[in-house]
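Just so you know, the protein sequences line up as chains A and B, in that order. Using this note's numbering, you'd call the opening residue of the first sequence number 1 and step up by one each time. Using this note's numbering, you'd call the opening residue of the second sequence number 463 and step up by one each time.
Note that these hints are calculated values from the structure, not bench results. Because the structure is a prediction, the values reported are computed rather than measured. For each residue, glycine too, the CB sits at the ideal point set by N, CA and C. There could be a bad hint or two in this list.
[To be verified] Cross-link-like lysine to aspartate or glutamate pairs, in silico, EDC-like; alpha carbons within 20 Å at most:
| hint | chain 1 | residue 1 | chain 2 | residue 2 |
| --- | --- | --- | --- | --- |
| 1 | A | Lys233 | B | Asp637 |
| 2 | A | Lys233 | B | Glu566 |
| 3 | B | Lys550 | A | Glu192 |
[Unchecked claim] Listing some non-contacts, in silico: residues in chain A with all C-beta distances to chain B over 10 Å:
| hint | residue |
| --- | --- |
| 4 | Lys144 |
| 5 | Gln291 |
| 6 | Thr309 |
| 7 | Asp384 |
[Unchecked claim] With the C-beta cut set under 10 Å, the calculated list includes, among others, these residues of chain B facing chain A:
| hint | residue |
| --- | --- |
| 8 | Lys490 |
| 9 | Thr491 |
| 10 | Ser551 |
| 11 | Lys568 |
| 12 | Ser639 |
| 13 | Ser640 |
| 14 | Leu641 |
| 15 | Pro713 |
| 16 | Leu725 |
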Amino acid sequence: MKKAVSIFIMILALFAFSSAQQKDSTKAPDQAATSTDENITNLKGEVDGLNESYAETKATVGALSKIKVSGYIQAQYQVADVMNVLSLNGFKSPGVRQAFLIKRGRLKTTYDAGLCQYVLEIDVTQDGVGLKDAYASFKEPWMKALGLTIGSQDRPFGYEVGYSSSMLESPERSRIIGNLFPKEKDLGAMLEFAQEEGPLSFLNVKAGVFNGMTNILNENDDNKDIIGRLGVKLPFQDIGLDVDGGFSGYSGKVTDNDSNKTTGGTAYTLDAGSHSWIAATGQKGKTFDRQYFGGDLQLFYATPVIGGTCLKGEYIQGKQPTTSTGADFYNDADPKTAAVVAPLYNREFAGYYVYFIQNIDPASLQLVVKYDSWDPNTKVNAADFTNTTTTLNAGDIAYTTIGFGLLYYVPWASNIRCMLFYEMPKNEKLTNVTSGSLAKYAVNNTSGTNLNLLTFRVQVKF
Amino acid sequence: MNSKTLRLCMAGLLVAASFMLIAAGGKKTITVKGSDTMVILAQRWAEEYMTKHPDIVIQVTGGGSGVGISALINGTTDIADASRPMKKSEMEKLKLRFNSLGSEIKSAKDGVTLYLNESNPINELSIDQIKAIYLGEITNWKDVGGEDAKIILYGRENSSGTYVYFRDNVLDGKDYSSLMQSLPGTAAVVNAVSKDKLSIGYGGAAYAKGVKMLKVKKDAGSPAYEPTTETIKNNTYPITRYLYMYTRAKPTGEMKDYIDWILGDEGQAIVAKVGYFPVK
Numbered sequence: 001m002k003k004a005v006s007i008f009i010m011i012l013a014l015f016a017f018s019s020a021q022q023k024d025s026t027k028a029p030d031q032a033a034t035s036t037d038e039n040i041t042n043l044k045g046e047v048d049g050l051n052e053s054y055a056e057t058k059a060t061v062g063a064l065s066k067i068k069v070s071g072y073i074q075a076q077y078q079v080a081d082v083m084n085v086l087s088l089n090g091f092k093s094p095g096v097r098q099a100f101l102i103k104r105g106r107l108k109t110t111y112d113a114g115l116c117q118y119v120l121e122i123d124v125t126q127d128g129v130g131l132k133d134a135y136a137s138f139k140e141p142w143m144k145a146l147g148l149t150i151g152s153q154d155r156p157f158g159y160e161v162g163y164s165s166s167m168l169e170s171p172e173r174s175r176i177i178g179n180l181f182p183k184e185k186d187l188g189a190m191l192e193f194a195q196e197e198g199p200l201s202f203l204n205v206k207a208g209v210f211n212g213m214t215n216i217l218n219e220n221d222d223n224k225d226i227i228g229r230l231g232v233k234l235p236f237q238d239i240g241l242d243v244d245g246g247f248s249g250y251s252g253k254v255t256d257n258d259s260n261k262t263t264g265g266t267a268y269t270l271d272a273g274s275h276s277w278i279a280a281t282g283q284k285g286k287t288f289d290r291q292y293f294g295g296d297l298q299l300f301y302a303t304p305v306i307g308g309t310c311l312k313g314e315y316i317q318g319k320q321p322t323t324s325t326g327a328d329f330y331n332d333a334d335p336k337t338a339a340v341v342a343p344l345y346n347r348e349f350a351g352y353y354v355y356f357i358q359n360i361d362p363a364s365l366q367l368v369v370k371y372d373s374w375d376p377n378t379k380v381n382a383a384d385f386t387n388t389t390t391t392l393n394a395g396d397i398a399y400t401t402i403g404f405g406l407l408y409y410v411p412w413a414s415n416i417r418c419m420l421f422y423e424m425p426k427n428e429k430l431t432n433v434t435s436g437s438l439a440k441y442a443v444n445n446t447s448g449t450n451l452n453l454l455t456f457r458v459q460v461k462f
Numbered sequence: 463m464n465s466k467t468l469r470l471c472m473a474g475l476l477v478a479a480s481f482m483l484i485a486a487g488g489k490k491t492i493t494v495k496g497s498d499t500m501v502i503l504a505q506r507w508a509e510e511y512m513t514k515h516p517d518i519v520i521q522v523t524g525g526g527s528g529v530g531i532s533a534l535i536n537g538t539t540d541i542a543d544a545s546r547p548m549k550k551s552e553m554e555k556l557k558l559r560f561n562s563l564g565s566e567i568k569s570a571k572d573g574v575t576l577y578l579n580e581s582n583p584i585n586e587l588s589i590d591q592i593k594a595i596y597l598g599e600i601t602n603w604k605d606v607g608g609e610d611a612k613i614i615l616y617g618r619e620n621s622s623g624t625y626v627y628f629r630d631n632v633l634d635g636k637d638y639s640s641l642m643q644s645l646p647g648t649a650a651v652v653n654a655v656s657k658d659k660l661s662i663g664y665g666g667a668a669y670a671k672g673v674k675m676l677k678v679k680k681d682a683g684s685p686a687y688e689p690t691t692e693t694i695k696n697n698t699y700p701i702t703r704y705l706y707m708y709t710r711a712k713p714t715g716e717m718k719d720y721i722d723w724i725l726g727d728e729g730q731a732i733v734a735k736v737g738y739f740p741v742k
């Protein structure tokens with residue numbers, strides 16, 4: 001561009017010079033030579049000016065190139081087998097079996113200056129605007145391996161919780177991840193060690209301190225949660241295999257804020273012998289363990305001809321303080337009034353998920369089979385539920401889900417992905433229950449708990 | 463959704479997938495995108511191969527190593543040419559989309575060559591001197607034994623693999639001097655250096671026509687070497703690199719035949735003819 005402008009100016013100058021010569025052919029040769037020198041000096045000045053202007057423009061463009069805007073929209077149509085399955089606006093809608101939804105509408109702004117980053121991401125859907133990522137991160141300048149991130153960010157636990165929703169091969173994360181890490185993000189500070197190159201480049205270590213209450217400021221106590229993951233990536237490129245995995249831990253506390261004045265706050269623990277909940281009163285203000293341990297493994301194999309194959313899974317177990325029927329952690333407190341009516345239940349849980357993904361590259365397709373399991377109370381099984389003699393409730397029932405999906409990456413527009421996914425969740429069948437509030441989970445009930453759901457989703461990413 | 467509807471739905475999906483597979487099976491076009499350093503070499507390979515295999519169409523475009531690797535990740539090219547190894551972050555992106563780390567093929571060797579104007583009296587420099595020049599710490603030729611004149615720096619744009627390789631291996635990962643003028647191709651760098659007697663540029667050895675190739679010393683006490691077949695082969699030339707081809711999975715079918723041919727005698731003879739160095 002600079003050259004083109006310079007050439008253009010020179011041509012103009014030569015043309016002007018030539019015209020002037022023709023018009024004033026009677027001028028003395030000395031005068032003509034002086035005029036040429038002046039013109040060249042003027043031209044040089046103009047080119048120098050353009051050079052300066054170019055340098056300024058380059059600096060401005062260089063600064064702007066550090067700002068990146070990206071995002072994606074997930075628009076979907078869902079059909080459930082029965083009414084009261086689809087979740088709209090956060091609640092089950094009894095009169096709706098099928099609906100269009102904007103599942104995610106993400107807009108992310110990143111300022112990347114190499115060793116420091118600013119990231120702000122919002123999620124805009126029909127339900128409103130929500131905050132996702134909002135953090136600042138820094139890297140030390142020597143090895144460029146150790147970084148600090150502060151703000152609203154992914155919790156450094158396992159695999160699926162930090163896996164981008166835009167890359168997820170199923171419509172949603174597994175039931176266990178949704179229950180343990182609702183909204184995926186939390187507010188905190190995290191250290192990460194990851195070498196781009198070098199002898200430790202196979203290693204990734206993350207550890208952080210978080211509020212523990214998701215990134216909505218619902219903090220009701222002064223306890224902070226510690227979360228960490230030790231991960232490895234072992235590429236065997238010669239044989240087309242990649243083995244990734246890690247171990248994670250979560251250690252936190254949850255405060256019982258049950259504001260029932262009569263009981264002084266109740267906390268329940270399970271009596272393993274009678275499989276009944278035992279209430280302890282006067283527990284308001286006391287803290288209970290929220291502890292998770294897990295391992296994750298991902299295998300990738302470059303299958304010839306057809307395309308890559310992936311098998312990945314994660315297992316987590318631990319202690320989860322919840323409410324009576326809830327699955328996610330106990331966080332019902334209103335920090336302003338501390339007005340909570342729900343007693344706290346201490347449960348020990350276990351769960352896992354497994355994905356099998358087969359690329360069919362010639363057709364731009366991915367076939368997906370996913371299975372996940374969630375047992376919110378490992379101390380009881382289906383036979384322990386009875387009509388009258390138990391205090392066990394819906395929050396103690398285990399679920400498994402199998403899902404089949406097809407992903408199509410539109411070949412003429414690499415930023416469009418279509419998903420067709422059918423998932424079939426099943427609760428454990430209660431063999432000894434015939435009546436009461438748990439009857440719909442009974443072994444002979446085939447329709448009461450049908451949660452099957454078909455999702456057709458189109459995602460456009462930029 | 464009842465089970466009959468589900469079965470119909472799944473059957474429909476399988477039929478659609480089968481049609482797509484059949485449609486895709488008829489293709490005999492191989493697309494190659496990436497390194498500008500390699501674009502002439504890639505074109506020569508393609509022309510020669512297509513002459514011998516008229517049923518195969520090979521489309522070659524440049525744009526830079528980063529552009530080629532992005533195209534591989536986006537699924538818009540079959541082969542990405544790169545004058546630097548694929549970064550870990552790029553492999554992660556490929557893995558996320560294709561469940562594969564990709565396949566790396568070392569197709570040729572190159573010495574990253576420093577070009578000087580033919581009238582420049584300087585003949586050799588050490589890596590440290592070159593580094594200081596490109597970091598902007600040395601700005602006058604007299605500081606490296608030349609005349610008292612400002613050094614004019616030419617380099618490549620940041621999508622170029624040569625840009626990245628030179629920054630990582632010569633500048634130790636530090637940023638180029640802000641005075642460096644970025645040009646959109648090695649040919650443009652050579653052209654600029656050939657016309658500007660105070661300039662220095664870098665690029666692939668095959669492009670060094672009408673300019674002087676600088677001899678490079680590993681350090682101040684080492685002998686200086688020019689990039690030649692011998693010095694590249696025995697790694698005595700200090701800025702030696704491989705030129706890579708990347709595919710999403712292990713090559714099969716027409717693509718495997720093409721890559722095998724490139725790595726064979728005929729393909730490697732073209733490497734030497736173009737001005738690079740065979741891998742064997």
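Quick rundown of the hints versus the structure:
1. A/Lys233 / B/Asp637: violated (29 Å)
2. A/Lys233 / B/Glu566: holds (18 Å)
3. B/Lys550 / A/Glu192: holds (16 Å)
4. Lys144: At roughly 8 Å from the nearest Cβ of chain B, A/Lys144 sits no farther out than 10 Å, so the non-interface label is violated.
5. Gln291: Correct as stated: the minimum Cβ-Cβ distance to chain B is 30 Å, above 10 Å.
6. Thr309: Its Cβ does come within 10 Å of chain B, the nearest being 6 Å, so this is violated.
7. Asp384: holds (32 Å)
8. Lys490: The hint is violated - B/Lys490 has no Cβ within 10 Å of chain A, the shortest such distance being about 13 Å.
9. Thr491: The hint is violated - B/Thr491 has no Cβ within 10 Å of chain A, the shortest such distance being about 13 Å.
10. Ser551: For B/Ser551, the interface hint holds, since the closest Cβ of chain A sits about 7 Å away, which is under 10 Å.
11. Lys568: violated (12 Å)
12. Ser639: violated (12 Å)
13. Ser640: holds (8 Å)
14. Leu641: Since chain A brings a Cβ to about 9 Å from B/Leu641, closer than 10 Å, the hint holds.
15. Pro713: holds (9 Å)
16. Leu725: At about 15 Å, which exceeds the 10 Å cut-off, the nearest Cβ of chain A leaves the hint on B/Leu725 violated.
In this structure, the hints that do not hold are numbers 1, 4, 6, 8, 9, 11, 12, 16, in rising order.
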